[in-house]
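Take the given structure of chain A and dock chain B to it, following the hints.
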Amino acid sequence: MTFSPQLEARFAKLLESYPAGRQRAAMIPMLMYAQDEVGSVTDELVEEVAQRVGVTPLQVNEVISYYTMLHRKPLGTYHVQVCTNISCLLHDGDRLYEHACQKLGIENHGVTPDGQFSIEEVECMGACSWAPAVQINYDFHHFVTPEKLDRLLDGLRKKQ
Amino acid sequence: MLYNEPSPLETRVLSRRFGMPDSESIETYLATDGYQAFLKAAKMTPDEIINEMKASNLRGRGGAGFPTGMKWSFVPRSSPKPKYIVVNADESEPGTCKDRLLMENDPHQLIEGVLIAGLAVDAHVGWIYIRGEYRYLIEVMDRALAEAYQRGWLGKNIQGTGFDFELYTHTGAGSYECGEESALLESLEGKRGVPRIRPPFPAVAGAFQCPTVLNNVETFCAAPPILLKGGAAFAALGVPKAGGTKLTCLTGHVNKPGVYELKLGFPVKQMIEEVGGGMRNGKKLKAFIPGGSSCPVLTAEECEGATMDYDSMAQRKSMLGSGGVVIMDEDTCMVKACLRLMKFYSHESCGWCIPCREGTAWLTKIMTRFHSGGGSQQDIGLLGDIAKNMLGRTFCPLGDAAALPMISIVEKFRHEFEDHLNGKPCPFEHSNRMVAV
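Quick note, the sequences are listed as chains A and B, same order.
The end of the first sequence is residue 202 by my numbering, with every number in the run present.
The end of the second sequence is residue 429 by my numbering, with every number in the run present.
Next comes chain B alone, as it looks inside the complex:
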């Protein structure tokens, strides 16, 4: 089901079946071009499929934004080992709630995307790694898988193409770190979710040490529309270096929070004002996180002229990330928001790399002291210092994911830290009232 009203400004490609009656059923899927992209791909060579993906300019939708076609091309197809497809449905980047909708409303699109990836890299087995909290989606996906097997869209010799594919669901058990690809693979193998040292990358030695394509749910879901309408048509929806649309989760202080599918390159201001219905209670924008809590925070001034795409965000020294947009109004205490994020990263650090394990813990301790009025002038510098010393010194990006928002908040909102000094109570507590929704 849908949890918010769609917006007329959306470009619904991946979400086009959302809201249709029984959108999750195979009947609805087949009646709306379902599995036609797979049949088309089955007549193509692996290189032709990969070239179509490259032409689409699709970049990974989980957060890192790596070009998908290139990722698929890294799989050594001639390897004697079996090749595997793994779907990252461990959506847990704070601010992000889109993969949930893709699976809930259109599970067959994901299955078809996996099949296309299977054809492209000669893989015949795959797993959908779904975060533990999304138990109801395991039921949804299992039902869809059963339908697909029953109708001959999974299993042996799919629709007479000679192509075999087995697909399974796999539940996680509560861990943000398992959204990181190598930690996810460890977890899939029944181990603690501790990241692996790379190289080798998953394309060469992934699940069970075999060549593996591992992508986000939204990335796989883009494959059927790309194959069906052509890579060029998908690319044309976006901006020159990044094709297509992005499921964007508007969260925080807007009138109409929700998940909306927008063309890449959509203007930030228009997104807040028109898609999101403007700032709640007519307040002013203070801070903006473009795609999940791991991105550096932007100020309202930096949002001027910004568009939702990789380059525009990189120019502003932030990232497009996962599509989890967090919008904060003028009454938000940035010290409190930052403290909450540090608490999160400290809780989720797997503990392997010392800069991350110790750094996130210290940042949380200092921020806690700061927010309660016990901070000192020196602490402000210390926060930035600790965070900068975490950057690039860990095996996975979790250390950076904590350090980047910390550095950006302390640099851009230093005055708010100063306002908490000398035992002063939080200057924003008075305005933080309950709002009936």
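Same shape as in the complex, but just chain A:
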């Protein structure tokens, strides 16, 4: 597989970051960074990472199935993650999540037909004091109201 020079540089650095013979340790970071570029963890990517860190593709697959942020299917361009865990729940995070589903017309783990948005009800994301919180891709949004979320999503839709 060919990756961007930036990603290749990141891979090279990762492979040097662990003790000799322990390159398997680079597997999860490589998958995370490559997923951002490729769009999802494809079979091809699994083979590539397996070969680069010196394990079998089966061993990579076994690891992927454990982690919620490694996705085997493409997400939307904007992956909307709404936290409904305790601190967000106390600020109506559950209703915010329902509102987001209605607004986008999709359910948990769904992707809009145009591929622009996907949604996920997530566990605590570490924004508890500024609840309710939403993460769109890697960007945090704090004190989110349904109106604020509408504005955010409408803004992203226009950007496309």
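Accuracy of the hints is not assured; some may be wrong.
Listed below are the simulated EDC-like cross-link pairs for lysine to aspartate or glutamate, each with C-alpha atoms no more than 20 Å apart in a straight line [as the list claims (entries may be wrong)]:
(1) LYS55/A with GLU421/B
(2) LYS335/B with GLU163/A
(3) LYS55/A with ASP134/B
(4) LYS190/A with GLU163/A
(5) LYS183/B with ASP85/A
(6) LYS115/A with ASP156/A
(7) LYS335/B with GLU140/A
(8) LYS183/B with GLU89/A
(9) LYS328/B with ASP136/A
(10) LYS328/B with GLU421/B
(11) LYS357/B with GLU163/A
(12) LYS115/A with GLU163/A
(13) LYS335/B with GLU58/A
(14) LYS183/B with GLU140/A
(15) LYS148/B with ASP134/B
(16) LYS73/B with ASP156/B
(17) LYS261/B with ASP321/B
(18) LYS55/A with ASP321/B
(19) LYS404/B with ASP321/B
(20) LYS357/B with GLU89/A
(21) LYS55/A with GLU158/B
(22) LYS328/B with GLU163/A
(23) LYS115/A with GLU79/A
(24) LYS183/B with GLU163/A
(25) LYS328/B with GLU140/A
(26) LYS55/A with ASP39/B
(27) LYS335/B with GLU79/A
Over the 12 Å line for every Cβ pair with chain B, so calculated as not near, a few chain A residues [said to hold, decoys possible]:
(28) SER46
(29) ARG64
(30) GLU89
(31) CYS143
(32) GLU149
(33) LEU198
Think of the hints as simulated: they come from the structure by calculation, not from any bench.
Since the structure is predicted, the reported quantities are computational estimates derived from the model, not experimental observations.
Where a beta carbon is used, it is the ideal one built from N, C-alpha and C, also for glycine.
Relative to chain A, chain B alone:
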């Protein structure tokens, strides 16, 4: 950046650079005593450093509260194996959002803390394991690491001291369990985050089976102020058996939620009323979680006279935990809150130990039925029974972390469970309205 206004009641030791212009830059750090603690430590023997840490009465800030100096002393320095430092930045205990601020606003303080630990245990390599959701912090930390290498505060022969240290960031990929130290080490090695059987403890066989110091971000960040001002000065800030300050995340139904650095032993009532600006909408306090969702829940009566420290919380059969304070007002449905927590633990159980894997799943099923009005009187006892049978029967604390809040909620708020019986709709749904923030 800061996401909430600071409070005048704070004692800002670890957060003293928060809010300064370019607080994350090495220039700001160096201009404000940055890396001076490392230079001081480099002239000390490892035992002297560890003794200073012991004198500070610093206890691990990730949740377990183990004395840090003692933890460092367990590393066999004479071992022929390399020793490693691992930073647990997998902050994911519900209610906790403080390590994020420490890295975002003062990344060099963390780097310096790691260097001091390195001197104390003769380690020369370290990793900062950052949860996958905190991707922007990988960029922040990588920039800080690059600055430190460039200015000679990392790498070979740091500032002519003869001490070498290499430090790397490592991203997680979404897993609460990886905040548990042995699961984190498995994950760091490129495996599923399943905990290890201990002993051996990480101090003896940690990362890559080598002796390892593994601490929370806040714990490492306390090392520079301790070395700089002395362990005794840090200890004096807290209470007799626990020194210093704690970054406390006020969440839930208060007027001014936010992260505040408070002295250990800070009164709970004053924290809610003065730091947090009181209960939102003038409501009454119903329930209080002192430090993350894994702690037993306290009632308003139990908060009377309580202080934010390990002993005061232990006396009330709860824990100080991670600093994630959850404040619930009188309109909160405890059945709903409990259901949400059980759903969380069920989702995050790694599945290795049966009491945790099956227990959390059953608790979630029963709670779901209960909240929708389909519960029976027998279920109330069953909930407590299942939870009690999980306690102490798992290899890592996740089973207990689910069981403890469950047991405390069903014991202390039994009447709310009874109010949901016989197909009655949730009595709190009417009061659960959207509140504009």
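We went through each hint and held it up to the structure:
1. LYS55/A with GLU421/B: Roughly 53 Å separates the two Cα atoms, so the pair is violated.
2. LYS335/B with GLU163/A: 12 Å, holds
3. LYS55/A with ASP134/B: Status holds; Cα separation ~12 Å.
4. LYS190/A with GLU163/A: 18 Å, holds
5. LYS183/B with ASP85/A: The hint holds at about 18 Å.
6. LYS115/A with ASP156/A: 15 Å, holds
7. LYS335/B with GLU140/A: 17 Å, holds
8. LYS183/B with GLU89/A: 16 Å, holds
9. LYS328/B with ASP136/A: 11 Å, holds
10. LYS328/B with GLU421/B: 10 Å, holds
11. LYS357/B with GLU163/A: 18 Å, holds
12. LYS115/A with GLU163/A: With a Cα-Cα distance of about 17 Å, the restraint between LYS115/A and GLU163/A holds, given a limit of 20 Å.
13. LYS335/B with GLU58/A: 39 Å, violated
14. LYS183/B with GLU140/A: 35 Å, violated
15. LYS148/B with ASP134/B: 18 Å, holds
16. LYS73/B with ASP156/B: With Cα atoms ~16 Å apart, LYS73/B and ASP156/B stay inside 20 Å; holds.
17. LYS261/B with ASP321/B: Within the cut-off at roughly 14 Å; holds.
18. LYS55/A with ASP321/B: Distance ~50 Å between LYS55/A and ASP321/B Cα, so the pair is violated.
19. LYS404/B with ASP321/B: 15 Å, holds
20. LYS357/B with GLU89/A: Since the Cα atoms of LYS357/B and GLU89/A sit roughly 38 Å apart, the hinted pair is violated (cutoff 20 Å).
21. LYS55/A with GLU158/B: 13 Å, holds
22. LYS328/B with GLU163/A: Between LYS328/B and GLU163/A the Cα gap is close to 16 Å, so the pair holds against 20 Å.
23. LYS115/A with GLU79/A: Roughly 13 Å separates the two Cα atoms, so the pair holds.
24. LYS183/B with GLU163/A: Outside the cut-off at roughly 25 Å; violated.
25. LYS328/B with GLU140/A: 16 Å, holds
26. LYS55/A with ASP39/B: Not OK: LYS55/A and ASP39/B at ~34 Å, beyond 20 Å, violated.
27. LYS335/B with GLU79/A: 32 Å, violated
28. SER46: At roughly 16 Å from the nearest Cβ of chain B, SER46/A sits farther out than 12 Å, so the non-interface label holds.
29. ARG64: Label violated. Min Cβ-Cβ 5 Å, cutoff 12 Å.
30. GLU89: Holds: least Cβ distance 16 Å, greater than 12 Å.
31. CYS143: 16 Å, holds
32. GLU149: Per Cβ check, GLU149/A is outside 12 Å of chain B; nearest 16 Å; holds.
33. LEU198: 18 Å, holds
The structure is inconsistent with the numbered hints 1, 13, 14, 18, 20, 24, 26, 27, 29, although it conforms to all the rest.
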